[in-house]
Amino acid sequence: MTALQHVNFGAYYAVHLPEPDDFAFWRERARQLVQCDIPPDRVNWVEPGGASDLFAQEGPARSEKRLPVPDDPGCPVRASKRFMQIAKTAAHHSDPERFSLLYRLLWRLQSSPRMMEDKADTDVRRVEELEKAVRRDAHKMHAFVRFRRVENADEPEAPEHYVAWFEPDHHILRREAGFFVRRFANMHWSILTPRGSLHWDTKVLCEGPPAQKSDAPSGDPAEDLWRKYYASTFNPARLKIGAMLKEMPKKYWKNMPEAALIPELIAGAQQRESAMVAEGKADYAAQPDTLEAISKAIHACRNCPIGSLENHAVMGEGPQDAALMIVGEQPGDQEDLAGRPFVGPAGQVLDAALEATGIDRRAAYVTNAVKHFKYVQRGKRRLHQTPTAKEVDTCRWWQEAERAIVKPKLVLALGASAARGLLGKTVNISRSRGSPIPLDDGSELWVTAHPSYLLRLDGAAKAQQEQLFVADLAAVKARLEELAQKSGQ
Amino acid sequence: MTLGESVVRTYKEQMPALDTIQKLEILADAAKYDASCASSGTAKRNSKGGKGVGSTEGMGICHAYAPDGRCISLLKILLTNHCIFDCHYCVNRKSSNVRRARFTPQEVADLTLTFYRRNYIEGLFLSSGIIKSSDFTMEQMVETARILREDHDFRGYIHLKTIPEADPQLVHQAGLYADRVSINVELPTDAGLTRLAPDKNALQIEGAMGGVKSAIIQAKDERKRFKHAPRFAPGGQSTQMIVGADAATDADIVGKASRLYTGFKLRRVYYSAFSPIPDASAVLPLKRPPLMREHRLYQSDWLMRFYGFAPREVMQATGADGNLPLDIDPKLAWALKFREQYPVDVNRSSREMLLRVPGLGTRAVSQILASRRHRTLRLDDVAKLTVSITKVRPFIETADWRPVMLTDRADLRSLLAPKQEQLELFAA
Numbered sequence: 001m002t003a004l005q006h007v008n009f010g011a012y013y014a015v016h017l018p019e020p021d022d023f024a025f026w027r028e029r030a031r032q033l034v035q036c037d038i039p040p041d042r043v044n045w046v047e048p049g050g051a052s053d054l055f056a057q058e059g060p061a062r063s064e065k066r067l068p069v070p071d072d073p074g075c076p077v078r079a080s081k082r083f084m085q086i087a088k089t090a091a092h093h094s095d096p097e098r099f100s101l102l103y104r105l106l107w108r109l110q111s112s113p114r115m116m117e118d119k120a121d122t123d124v125r126r127v128e129e130l131e132k133a134v135r136r137d138a139h140k141m142h143a144f145v146r147f148r149r150v151e152n153a154d155e156p157e158a159p160e161h162y163v164a165w166f167e168p169d170h171h172i173l174r175r176e177a178g179f180f181v182r183r184f185a186n187m188h189w190s191i192l193t194p195r196g197s198l199h200w201d202t203k204v205l206c207e208g209p210p211a212q213k214s215d216a217p218s219g220d221p222a223e224d225l226w227r228k229y230y231a232s233t234f235n236p237a238r239l240k241i242g243a244m245l246k247e248m249p250k251k252y253w254k255n256m257p258e259a260a261l262i263p264e265l266i267a268g269a270q271q272r273e274s275a276m277v278a279e280g281k282a283d284y285a286a287q288p289d290t291l292e293a294i295s296k297a298i299h300a301c302r303n304c305p306i307g308s309l310e311n312h313a314v315m316g317e318g319p320q321d322a323a324l325m326i327v328g329e330q331p332g333d334q335e336d337l338a339g340r341p342f343v344g345p346a347g348q349v350l351d352a353a354l355e356a357t358g359i360d361r362r363a364a365y366v367t368n369a370v371k372h373f374k375y376v377q378r379g380k381r382r383l384h385q386t387p388t389a390k391e392v393d394t395c396r397w398w399q400e401a402e403r404a405i406v407k408p409k410l411v412l413a414l415g416a417s418a419a420r421g422l423l424g425k426t427v428n429i430s431r432s433r434g435s436p437i438p439l440d441d442g443s444e445l446w447v448t449a450h451p452s453y454l455l456r457l458d459g460a461a462k463a464q465q466e467q468l469f470v471a472d473l474a475a476v477k478a479r480l481e482e483l484a485q486k487s488g489q
Numbered sequence: 001m002t003l004g005e006s007v008v009r010t011y012k013e014q015m016p017a018l019d020t021i022q023k024l025e026i027l028a029d030a031a032k033y034d035a036s037c038a039s040s041g042t043a044k045r046n047s048k049g050g051k052g053v054g055s056t057e058g059m060g061i062c063h064a065y066a067p068d069g070r071c072i073s074l075l076k077i078l079l080t081n082h083c084i085f086d087c088h089y090c091v092n093r094k095s096s097n098v099r100r101a102r103f104t105p106q107e108v109a110d111l112t113l114t115f116y117r118r119n120y121i122e123g124l125f126l127s128s129g130i131i132k133s134s135d136f137t138m139e140q141m142v143e144t145a146r147i148l149r150e151d152h153d154f155r156g157y158i159h160l161k162t163i164p165e166a167d168p169q170l171v172h173q174a175g176l177y178a179d180r181v182s183i184n185v186e187l188p189t190d191a192g193l194t195r196l197a198p199d200k201n202a203l204q205i206e207g208a209m210g211g212v213k214s215a216i217i218q219a220k221d222e223r224k225r226f227k228h229a230p231r232f233a234p235g236g237q238s239t240q241m242i243v244g245a246d247a248a249t250d251a252d253i254v255g256k257a258s259r260l261y262t263g264f265k266l267r268r269v270y271y272s273a274f275s276p277i278p279d280a281s282a283v284l285p286l287k288r289p290p291l292m293r294e295h296r297l298y299q300s301d302w303l304m305r306f307y308g309f310a311p312r313e314v315m316q317a318t319g320a321d322g323n324l325p326l327d328i329d330p331k332l333a334w335a336l337k338f339r340e341q342y343p344v345d346v347n348r349s350s351r352e353m354l355l356r357v358p359g360l361g362t363r364a365v366s367q368i369l370a371s372r373r374h375r376t377l378r379l380d381d382v383a384k385l386t387v388s389i390t391k392v393r394p395f396i397e398t399a400d401w402r403p404v405m406l407t408d409r410a411d412l413r414s415l416l417a418p419k420q421e422q423l424e425l426f427a428a
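Going down the list, the sequences are from chains H and L. No gaps in the numbering here: position 28 of the first sequence is 28 in our numbering, and each next residue is one more. No gaps in the numbering here: position 106 of the second sequence is 106 in our numbering, and each next residue is one more.
Hints are computed from structural coordinates only; laboratory data are not their basis. Note that beta-carbon positions come from the ideal geometry of N, C-alpha and C, so glycine has one too. Misleading hints may appear alongside valid ones.
Simulated crosslink set (DSSO-like; lysine-lysine; CA at most 30 Å straight-line) [what the hints assert, rightly or not]:
hint: 1; chain 1: H; residue 1: Lys203; chain 2: L; residue 2: Lys94
hint: 2; chain 1: H; residue 1: Lys203; chain 2: H; residue 2: Lys213
hint: 3; chain 1: L; residue 1: Lys94; chain 2: L; residue 2: Lys200
hint: 4; chain 1: H; residue 1: Lys254; chain 2: L; residue 2: Lys224
Simulated restraints, written as ranges between beta carbons of each label pair [stated by the list, open to error]:
hint: 5; chain 1: L; residue 1: Gly50; chain 2: H; residue 2: Ala158; range: 58 to 64 Å
hint: 6; chain 1: L; residue 1: Gly50; chain 2: H; residue 2: Asp215; range: 43 to 49 Å
hint: 7; chain 1: L; residue 1: Glu222; chain 2: H; residue 2: Met84; range: 19 to 25 Å
hint: 8; chain 1: L; residue 1: Arg99; chain 2: H; residue 2: Pro194; range: 28 to 34 Å
hint: 9; chain 1: L; residue 1: Met353; chain 2: H; residue 2: Asp41; range: 38 to 44 Å
hint: 10; chain 1: H; residue 1: Met84; chain 2: L; residue 2: Asp411; range: 49 to 55 Å
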């Protein structure tokens with residue numbers, strides 16, 4: 001009954017589009033229909049392969065003639081610039097209703113020409129959604145097409161050919177051809193999709209029939225490199241799966257070589273991060289505030305691997321109010337056994353030099369930058385090993401605690417490790433010796449060589465270095481006296 | 001056997017030769033702590049009429065996303081991760097025990113082209129550890145860009161990280177090949193820099209940024225007069241700051257960023273939440289700052305760049321500790337503090353005021369301004385233009401809606417803050 005009712009008001013029309021993305025064709029027909037004053041609910045737009053309305057009079061494919069002819073073909077049809085821009089893009093959408101929607105908008109624009117500005121209108125919003133979806137699909141195509149190089153064994157002289165398989169959501173293949181031509185103008189390439197294919201030979205672009213995934217090559221040796229890059233550039237400490245999925249939905253994964261890695265990267269991330277944190281973690285409690293407490297605590301310290309060796313922590317010794325603090329590198333074999341700093345061969349060199357310059361060792365607080373002996377076992381002997389920068393930095397905690405209690409006016413660092421323990425950075429001994437370096441707590445640091453360095457030299461070099469060492473100690477003594485006078489005043 | 005041969009042999013014995021894939025693994029891993037991956041905003045180019053590949057069309061393209069949610073747009077690698085500097089926050093510092101590797105400029109160029117031809121990337125982001133000297137390193141980076149641009153006529157995107165200590169002449173050359181150059185300020189405060197990056201110098205970093213800025217301005221000016229004047233870094237310059245490695249508050253960071261934007265005409269300031277690195281230095285905090293903090297800083301960055309907020313106003317949104325709240329976004333935090341400014345009448349207020357409504361973005365505001373010429377907006381109309389009307393409602397007035405008491409309710413914050421999610425089992 002209802003269908004017959006409509007017949008009384010006028011005929012139905014069906015317009016068959018030759019191509020699903022033929023906007024120019026739609027535009028011609030739509031203009032004609034508007035000129036004939038055919039309302040939107042009387043027109044059915046049919047894509048190739050789509051079903052037409054039972055009651056409609058056929059458009060071009062079967063009988064173009066049945067579409068009405070306008071009385072005045074010059075009668076203006078109005079459409080804003082904005083509408084034409086949006087419509088041109090939205091026409092590529094795969095929604096079968098898109099051409100009807102466009103015609104409805106065009107029809108309405110005749111009576112309200114500024115309608116496109118009304119963002120709260122349902123039709124305007126819908127067409128903008130379509131337009132946005134097409135643009136997004138195009139953007140994702142630019143991003144996610146992956147070319148594979150075709151190995152052509154028969155013709156080694158033939159130019160390299162790159163082939164990609166891609167599955168767009170909308171009818172965008174032809175629309176996006178320009179992007180790939182501009183980008184890869186001097187490359188031979190083909191893009192195959194279920195809706196059609198494109199081929200470029202550096203001069204001419206050809207269109208081909210729809211393709212299947214099996215038509216494209218199945219791999220490329222460069223993909224191993226790419227997958228390695230993808231896995232390496234991922235930071236396991238900041239997993240944000242949602243952010244990834246929003247921009248790279250799963251539907252694209254099947255054609256991206258790197259996507260196969262995603263599950264294992266996610267699964268391993270938590271573990272990799274906790275391993276990194278655990279490795280860097282040191283188990284510090286509150287900083288001890290007496291020397292006895294430090295002495296006790298360092299024996300239990302396992303914040304770096306040295307603490308786990310077969311050795312004993314060696315605490316600093318000397319008066320708690322010493323003006324001078326002498327810091328060495330780490331206890332050696334004999335210090336480890338005796339439990340006191342600087343009692344081995346290097347200690348004897350130090351003692352001799354101190355005596356020569358007139359510094360009383362008993363009045364100084366003597367300690368080490370690293371509290372445990374680091375060594376490698378060679379037969380029955382334990383050979384000294386230099387602590388790494390990280391180990392020195394880790395042990396700095398204890399040395400700072402000692403310094404906070406003793407509050408020396410002047411700190412003498414013996415060797416590069418000791419200097420690093422105090423400054424947090426590696427300094428060059430020969431460049432930094434001989435002048436004070438201010439420390440954060442207001443005291444000053446003097447740097448000189450480690451006495452064990454002198455033990456390893458001989459001949460003229462030894463004499464020269466001994467001279468420098470003694471000169472450094474003399475400068476320290478002079479400075480100590482100066483500081484004592486200042487505080488005495 | 002000559003002396004030269006014996007030297008070569010010892011070197012090889014110490015360093016087993018790595019193949020390309022191993023080097024790529026090491027040097028990509030070492031470069032991933034740089035947040036920037038933008039490939040947008042440079043001059044338009046394409047490969048038509050040239051010999052090689054490449055195009056840039058204004059919009060950046062993200063060719064893949066890693067599970068950390070970051071876009072992969074460029075081949076981001078270091079030329080080498082050997083370094084003579086000892087910056088505590090850096091995985092490549094001298095005292096770190098990571099595996100080391102080194103690419104030649106030719107290898108990097110070949111890798112870039114291999115990836116580009118398969119449409120994996122938009123171009124190259126090249127940075128480097130410092131070997132021998134700053135000048136030597138910078139020369140190698142410029143050489144890489146030269147091979148790509150001159151030998152292969154590559155017209156894709158190139159971003160070069162510049163070494164502030166290098167000769168200004170080299171930095172200038174980098175700008176002639178690259179689309180974007182960047183110099184990292186690393187830490188928001190000078191005190192932090194002195195403590196954590198003892199080999200770097202704040203004055204030198206800012207001096208180099210100033211040099212790049214004037215070169216960009218000069219090149220732009222020359223192009224106005226002479227059609228064929230060379231372009232200099234048409235994508236501008238950017239920088240990166242590490243968040244959470246020192247004691248700087250969000251207010252400090254926002255202040256520093258705004259000074260950099262105005263003082264050096266930067267395109268972008270990137271924030272990188274300090275994240276645990278392998279073989280970390282003992283000086284660093286062990287806990288990472290929440291990733292949300294980085295996100296809030298980016299939001300505040302957006303407020304300043306697109307929403308007309310002054311740096312001072314963003315700082316007003318910070319809490320007593322100088323940091324932006326983590327549970328709500330900075331615009332909402334500001335609105336809750338300055339409730340006397342609301343409700344905003346969507347049918348009458350200016351763009352500036354509408355931009356201050358929490359929940360209304362720049363796009364929604366433009367749409368409101370366009371729509372209200374055609375109709376008096378009701379709450380339903382606004383709802384169509386926004387993501388969540390519940391969030392917007394307390395701050396606006398429409399033809400059929402006034403929030404009356406809502407704007408002044410003491411528990412407004414809890415009404416609007418996102419629901420507490422289940423606690424992370426392994427929260428940092």
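Evaluated hints:
no., hint, in the structure
1, Lys203(H) with Lys94(L), "52 Å, violated"
2, Lys203(H) with Lys213(H), "26 Å, holds"
3, Lys94(L) with Lys200(L), "14 Å, holds"
4, Lys254(H) with Lys224(L), "48 Å, violated"
5, Gly50(L) with Ala158(H): 58 to 64 Å, "22 Å, violated"
6, Gly50(L) with Asp215(H): 43 to 49 Å, "30 Å, violated"
7, Glu222(L) with Met84(H): 19 to 25 Å, "39 Å, violated"
8, Arg99(L) with Pro194(H): 28 to 34 Å, "45 Å, violated"
9, Met353(L) with Asp41(H): 38 to 44 Å, "43 Å, holds"
10, Met84(H) with Asp411(L): 49 to 55 Å, "50 Å, holds"
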